[in-house]
Amino acid sequence: MNSSVIRVGVSSWDQMHPECVDLLQGKTRCRPGPELDILQLAATMLNMTISFVHSAEKGCGLSRDNGASWTSLMGMLSRNEIDVTGNICYLMEERLSMFGASRPVWYSYQAFLIKKLDPPSIRFKAQAPFDLRAWLVIIGCIVACAVVEAAKELPEKGATLSIRNGISLTWQTFMLFARPPKEVIWIFGTFFFTLLKIYYTTYVLASLLYPAGVQRPFTNIVELADLLESGEYRLLHYHPAKFLRFEFCPPETCLQLTRAVQSKGIYYVNDSSPHRLLQSLIDNNNLVLISTEITLEFYLSKFLQRDKLWLIRDNIFLQMNSYFWRLDFPMRKTLDQALTTIGSYKMNVLKRYVDSAVTKSNKHPQVRAQVSPYTQLRADHGKNLFIQYSVAVAISVAVFLMELLWASIQKWLKYWSKKRSAGIDLTR
Numbered sequence: 001m002n003s004s005v006i007r008v009g010v011s012s013w014d015q016m017h018p019e020c021v022d023l024l025q026g027k028t029r030c031r032p033g034p035e036l037d038i039l040q041l042a043a044t045m046l047n048m049t050i051s052f053v054h055s056a057e058k059g060c061g062l063s064r065d066n067g068a069s070w071t072s073l074m075g076m077l078s079r080n081e082i083d084v085t086g087n088i089c090y091l092m093e094e095r096l097s098m099f100g101a102s103r104p105v106w107y108s109y110q111a112f113l114i115k116k117l118d119p120p121s122i123r124f125k126a127q128a129p130f131d132l133r134a135w136l137v138i139i140g141c142i143v144a145c146a147v148v149e150a151a152k153e154l155p156e157k158g159a160t161l162s163i164r165n166g167i168s169l170t171w172q173t174f175m176l177f178a179r180p181p182k183e184v185i186w187i188f189g190t191f192f193f194t195l196l197k198i199y200y201t202t203y204v205l206a207s208l209l210y211p212a213g214v215q216r217p218f219t220n221i222v223e224l225a226d227l228l229e230s231g232e233y234r235l236l237h238y239h240p241a242k243f244l245r246f247e248f249c250p251p252e253t254c255l256q257l258t259r260a261v262q263s264k265g266i267y268y269v270n271d272s273s274p275h276r277l278l279q280s281l282i283d284n285n286n287l288v289l290i291s292t293e294i295t296l297e298f299y300l301s302k303f304l305q306r307d308k309l310w311l312i313r314d315n316i317f318l319q320m321n322s323y324f325w326r327l328d329f330p331m332r333k334t335l336d337q338a339l340t341t342i343g344s345y346k347m348n349v350l351k352r353y354v355d356s357a358v359t360k361s362n363k364h365p366q367v368r369a370q371v372s373p374y375t376q377l378r379a380d381h382g383k384n385l386f387i388q389y390s391v392a393v394a395i396s397v398a399v400f401l402m403e404l405l406w407a408s409i410q411k412w413l414k415y416w417s418k419k420r421s422a423g424i425d426l427t428r
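Per our numbering: the sequence shown = residues 1 to 428.
Be a bit skeptical, because a hint or two may be false.
What the hints assert, rightly or not - Derived lysine-lysine pairs resembling DSSO-like cross-links, with alpha carbons at most 30 Å apart: (1) 302 - 152; (2) 418 - 363; (3) 308 - 351; (4) 418 - 58; (5) 197 - 115; (6) 116 - 242; (7) 152 - 116; (8) 152 - 264; (9) 346 - 58; (10) 302 - 346; (11) 58 - 414; (12) 115 - 264; (13) 351 - 58; (14) 333 - 116; (15) 419 - 363; (16) 351 - 333; (17) 58 - 197; (18) 157 - 333; (19) 418 - 264; (20) 115 - 333; (21) 242 - 58; (22) 411 - 58; (23) 333 - 346; (24) 264 - 242; (25) 116 - 363; (26) 363 - 346; (27) 351 - 302; (28) 360 - 308; (29) 360 - 346; (30) 360 - 302; (31) 363 - 351; (32) 308 - 116; (33) 58 - 152; (34) 116 - 302; (35) 418 - 351; (36) 264 - 308.
What the hints assert, rightly or not - Per label pair, the in silico range of CB-to-CB distance: (37) 352 - 215: 22 to 28 Å; (38) 251 - 343: 16 to 22 Å; (39) 284 - 304: 16 to 22 Å; (40) 135 - 241: 42 to 48 Å.
Calculated directly from the structure, the hints in this document are not laboratory data. Ideal Cβ positions, reconstructed from N, Cα and C, are used throughout, including at glycine.
Let the sequences and hints guide you as you build the complete structure.
See the structure below:
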């Protein structure tokens, strides 16, 4: 093997283009991707060339049999097919037990990507808050009250005056301009008008709070583990469930995540491309993708429908990402020193490939409702309010009847007490 050539294994994805490494800079807009960009500079500093070996499998690779065999790039390292991984991989304990790794190239918080929740959206329209059917019910009740009042006065005052008085009294009662007559029908009419006003006022108050917001369903891996175990969310991954390992979490939480995957399963996608993964999140309401914040920002920056997704950063666990190589790789110390010397250049490479301003809206802790087509209130929207109000009225009427009954009993007892006293006086 030529000692001036580094065999680099690559598991290609949307932000990795090995074919761009040998193209002249300035004459093409082809970019190899942030991972190969950094590795290419380090190799240039060492006067070494890169030879790419492509992996047919996805990702950096996971252990199959407790370290006996590996998938993807880690498998190629174990078989001495490559010297270094071109992909930057997570520093996982089981990987470090078998392979060497560079000093961390990137530090990034663990993050989660989910589909944005739909907040309640009510757009206020004061002149027509109800739909046609609800308006017919309201107007029908008001007209019925006016007709009943007009019919009562018809024999005495004639048609014209009775209709005018009926409409006037109904309107004054509705607006609470005047005290309604002390009659049963007007008592229930007043209850109806009061209920209608409560219904409308509640709608106005809800509209004043527009746009409504929805908070994040979880904020860290511990809270997410509870949701995964209860089945409210499912893990999305491009590796089968049997290969998954959880290390960036408290030990008890990692066990909880393992149990959740074993009992609830995962949503497996046989494609590691960001478009396929993110489209799966949009097509399903309860999926969650776990990765680093940097990686998820890469995904979002190239995805046209990113406004539909929610990026949640886990401030508890910081993930470290490095290049991996064989433990006997002779250039490991030299290459590691070159990567360390690059220093801040590594972060400048990140800014070249992803603009954090593009994903700023995906990180808000609260999702605000957007202006949506106005949804009119239906008659059955007030069902619960009507039931609660009716129960209150029923209790009030029951208390009133009990007081009336108690007053009648006291009056009756007083009457018989006086009558009995009068009878005793007559017998003397």
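Evaluated hints:
{"no.": "1", "hint": "302 - 152", "result": "74 Å, violated"}
{"no.": "2", "hint": "418 - 363", "result": "82 Å, violated"}
{"no.": "3", "hint": "308 - 351", "result": "23 Å, holds"}
{"no.": "4", "hint": "418 - 58", "result": "101 Å, violated"}
{"no.": "5", "hint": "197 - 115", "result": "38 Å, violated"}
{"no.": "6", "hint": "116 - 242", "result": "29 Å, holds"}
{"no.": "7", "hint": "152 - 116", "result": "60 Å, violated"}
{"no.": "8", "hint": "152 - 264", "result": "69 Å, violated"}
{"no.": "9", "hint": "346 - 58", "result": "24 Å, holds"}
{"no.": "10", "hint": "302 - 346", "result": "20 Å, holds"}
{"no.": "11", "hint": "58 - 414", "result": "95 Å, violated"}
{"no.": "12", "hint": "115 - 264", "result": "20 Å, holds"}
{"no.": "13", "hint": "351 - 58", "result": "25 Å, holds"}
{"no.": "14", "hint": "333 - 116", "result": "45 Å, violated"}
{"no.": "15", "hint": "419 - 363", "result": "84 Å, violated"}
{"no.": "16", "hint": "351 - 333", "result": "27 Å, holds"}
{"no.": "17", "hint": "58 - 197", "result": "62 Å, violated"}
{"no.": "18", "hint": "157 - 333", "result": "109 Å, violated"}
{"no.": "19", "hint": "418 - 264", "result": "80 Å, violated"}
{"no.": "20", "hint": "115 - 333", "result": "43 Å, violated"}
{"no.": "21", "hint": "242 - 58", "result": "15 Å, holds"}
{"no.": "22", "hint": "411 - 58", "result": "91 Å, violated"}
{"no.": "23", "hint": "333 - 346", "result": "18 Å, holds"}
{"no.": "24", "hint": "264 - 242", "result": "13 Å, holds"}
{"no.": "25", "hint": "116 - 363", "result": "11 Å, holds"}
{"no.": "26", "hint": "363 - 346", "result": "23 Å, holds"}
{"no.": "27", "hint": "351 - 302", "result": "14 Å, holds"}
{"no.": "28", "hint": "360 - 308", "result": "13 Å, holds"}
{"no.": "29", "hint": "360 - 346", "result": "21 Å, holds"}
{"no.": "30", "hint": "360 - 302", "result": "14 Å, holds"}
{"no.": "31", "hint": "363 - 351", "result": "17 Å, holds"}
{"no.": "32", "hint": "308 - 116", "result": "6 Å, holds"}
{"no.": "33", "hint": "58 - 152", "result": "85 Å, violated"}
{"no.": "34", "hint": "116 - 302", "result": "18 Å, holds"}
{"no.": "35", "hint": "418 - 351", "result": "100 Å, violated"}
{"no.": "36", "hint": "264 - 308", "result": "25 Å, holds"}
{"no.": "37", "hint": "352 - 215: 22 to 28 Å", "result": "34 Å, violated"}
{"no.": "38", "hint": "251 - 343: 16 to 22 Å", "result": "34 Å, violated"}
{"no.": "39", "hint": "284 - 304: 16 to 22 Å", "result": "18 Å, holds"}
{"no.": "40", "hint": "135 - 241: 42 to 48 Å", "result": "55 Å, violated"}
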